[in-house]
Amino acid sequence: MQKKLTELAKLINGEIEGARDIVIKGIAGIKEAKKGDVSFIENDRYLPLLDSTSASAVIVSHKHKNKIDFSKGAISLIYAENSSFAFSQIASLFIPELPKPQGIHPAAVIGKNVAVGKNVAVQACAVIGDNVQIGAGTIIYSGVYIGQESCIDEDCLIYPNVSIRERTRIGCRVIIHSGAVIGSDGFGFFSARGSHRKISQLGIVEINDDVEIGANTTIDRARFNKTSIGKGTKIDNLVQIGHNVVIGKNVIIVAQTAIAGSVQVGDNVTIAGQVGIAGHISIGDNVVAAARSGITKSVPENTSVSGFPAKPHKHEMKIKACVQRLPKLFQKFKELEKKIEK
Amino acid sequence: MQKKLTELAKLINGEIEGARDIVIKGIAGIKEAKKGDVSFIENDRYLPLLDSTSASAVIVSHKHKNKIDFSKGAISLIYAENSSFAFSQIASLFIPELPKPQGIHPAAVIGKNVAVGKNVAVQACAVIGDNVQIGAGTIIYSGVYIGQESCIDEDCLIYPNVSIRERTRIGCRVIIHSGAVIGSDGFGFFSARGSHRKISQLGIVEINDDVEIGANTTIDRARFNKTSIGKGTKIDNLVQIGHNVVIGKNVIIVAQTAIAGSVQVGDNVTIAGQVGIAGHISIGDNVVAAARSGITKSVPENTSVSGFPAKPHKHEMKIKACVQRLPKLFQKFKELEKKIEK
Amino acid sequence: MQKKLTELAKLINGEIEGARDIVIKGIAGIKEAKKGDVSFIENDRYLPLLDSTSASAVIVSHKHKNKIDFSKGAISLIYAENSSFAFSQIASLFIPELPKPQGIHPAAVIGKNVAVGKNVAVQACAVIGDNVQIGAGTIIYSGVYIGQESCIDEDCLIYPNVSIRERTRIGCRVIIHSGAVIGSDGFGFFSARGSHRKISQLGIVEINDDVEIGANTTIDRARFNKTSIGKGTKIDNLVQIGHNVVIGKNVIIVAQTAIAGSVQVGDNVTIAGQVGIAGHISIGDNVVAAARSGITKSVPENTSVSGFPAKPHKHEMKIKACVQRLPKLFQKFKELEKKIEK
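Protein chains in written order, with this note's numbering: chain A, 1 to 342; chain B, 1 to 342; chain C, 1 to 342.
So that you can see chain A by itself, here it is in the shape it has in the complex (with noise of 0.2 Å):
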């Protein structure tokens, strides 16, 4: 497989300075690169590599266009509007696809009074209850379980060994990864003579369109009513969601995330990885989590957090510097007490 450059360019609708005449014959990152890939740099902290990269070519993106000094460039670089998602354009034509599962597998097992569009594909061993809905173009994958009157809309992928509970309703576009598991219990007890009885889960769990959901996270369905994901949120993998969460829109959860029951979060927020959210708290639009905080009270909207119990991030960052610097405080009012006491 090699392409022209001036081929490449015009796929990412991108303009070349440097030599324009050469093929490419691969993609690599600007690190790994060798003689005739093409590579990109997104982070500006990473142009001092186009000096010393292997690279034929490199994807940069318009913004980076001052900090460029190219007098020094041997290679070729694009300017595209996003380098990163360009590169991922043309890294597509060099890792052909691999061919998608098509039809209904005869060993896939198929329920009573199940509707299913046009174009869908049922892996082996994928089962599916009686009175699903699946739209057309989605694909379910082997070992995929889905419960009675539970609907998924169009175009979703589930992956491998999903298991998704009774009655869940899920939009379209939808990616589900290997391992996650929808519509489990919420955890809800209470004390009667000295046991734990529980709860009943009756509620459901609903998943909007353009949602990804990673490798062995768990959303479990609301005690009624139910638990929600907004369009466009993207949830890494092993995150918990507690029963009767509402998630907004467009919303970022990083790995191992856990978030307690009734929580609300907003659209447009970021949780970055092994936050901790309590229970029945809100977090308001925009709100930024950063990694490992523990949010114990509700957050307004447009707000940055982070530490245990979270708090705005810059008096966090005070706190937190003030804390290295105890050992020399320690030392310091130990003299300071023996000059009084002199």
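It cannot be assumed that every hint is accurate.
Listed next, with one range per pair, are the computed distances between beta-carbon atoms [as the list claims (entries may be wrong)]:
1) P300/A x K112/C: 56 to 66 Å
2) R197/A x M317/B: 27 to 37 Å
3) P327/C x T296/B: 12 to 22 Å
4) F330/C x K35/B: 39 to 49 Å
5) P99/A x F190/C: 19 to 29 Å
6) G111/A x F190/C: 37 to 47 Å
7) K10/A x R193/B: 21 to 31 Å
8) G279/A x P48/B: 16 to 26 Å
9) R193/B x N66/C: 44 to 54 Å
Here chain B is said to cover these stretches of chain A; the calculated rule only asks that three of the stretch's residues, wherever they fall, bring their Cβ under 8 Å from a Cβ of chain B [unchecked claim]:
10) 52–66
11) 161–168
12) 205–215
13) 231–242
14) 321–333
Keep in mind the hints are simulated off the structure, nothing from the lab. We put the beta carbon where it would ideally sit given N, CA and C, even for glycine.
Let chain A serve as the given structure and place chains B and C on it in line with the hints.
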């Protein structure tokens, strides 16, 4: 579906205050309820919502009686012993249960010499090893694996894609949610000539009656002897239980907690979310560990702990309060230094 | 089952001290052992239990020799090079292994052009995609999914319900525990007009020889190129490994740790439980990260770190000690202020 309020009150053994002669058409949370709905309040702090809810009737607990100023109320109240449980009973009327799986599906794969009790259900693509015993009334969902010589007693629910390795012993009325793994090898190695060699994990996992285990939780088999979960203990999602851990009765373990190998946990312990417990220590009866505690030493019974390293909760609160005031302390210290230097 | 002590000593190449002519009927931990059992002690701090154990014989290591006051002993000791490993060898005698799966089950689903070595076993309801290669002696349990063009080399154990996505490369003697997900998409998006767009994850996962991967652990495929786990590395349960992470040889990663994208981890590193490592940084050879470390910057080789943000362990210990003494400092500071104001 509609029900007379008097019928519902009778069902939950409750007393009506206010209009008795009304008809209920649905159930909802106190904030979402509309005319015709019955709702409930469990926590005192939501009692003020009685004035603003659109519900036609609200279930409260007897203990709330003195805290409600009912003269304001245009709604009917039902007093019950436990409002939350009473509401669940009513909710079950309005949300009819789906039919449970029945019988052994022809696409289930059953090993040799498997003993199956009355009314056992095994769904398609569940795989049951040789010499397994399954008690009456137990339901095994799709994609479940049960290894050789395991025993599962009566009336258990084993949800889709659970993996239960060989020789596991499970009591009655145990619920295991999707993706949980019971009996994976403990994490044990010894070093020899610069590499890690596996220590065989020859023991088992024993899960006693009335235990519930959350989605994608992992419980490792013992090195020898057994990892054991006591009667009535409830474990949330994505929890890790190491090899040879022994957990008592009626323990609550919230999501994403990790308990390292050979820990002993007493009865009636509560372990909140994202806690970590170091190996080979003991947690006494009735201990409460706050969310995100990192427990590094044994904890005596009847203690509340928090923080990392975990300490008695009151002591940790004192330290946390000091940490919050550090920026001020640093400033005051500077001022004091100046004063003295003058 | 019973064995002469002399036979057992021979098996583990050990020397008996005390009565030689006894018969062993079982194995047990030092605390649980009863008459007729053989037990072992690995850690010095358990040596005092030699006086109280009911075991008939106890295996200890040569290094314990000077620490044992054997005059007291009514039991037999066996000295071995590594008591823990020696005990495992004996334990295997008393707990006979169950038969391993054999052959390809008729309910396994095998794709086109799959190359299978000698003595490969594939259990029922495992699904293997087209163009997969499986080396001799490898066992694939039930519910496992192996995507197209993946290669698994010889003598691997792939436990039930593992999901291995397309193009994954797995070495020899690799063990993957139930529910683990290998090759799920990396968590990569770019923002365009207020929504998050997926960046294709075109790379692979490569797992080298002798790696062990815990239950429900997730390892994402690279954006391009590969996510790589080095030879002999052992990963516990519920660990998250992001895309393009490169992990060295003989690394230990304990449960619930998360490693963000593009991190480089050297050889012989030990990462304890619930650690978090931020993206795009390097962890040098032989680094030890204590439990719950939050590593935000690259760590030079041969360093021990702890805390969040992680620092050299000694420095962090000093700071932690200061934090513990804060309530006292605040009090003393108040007293000093008063003294001066007088």
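(Q) Hint by hint, where does the structure go against what was stated? Just the numbers, ascending. (A) 4, 7, 9, 10, 12
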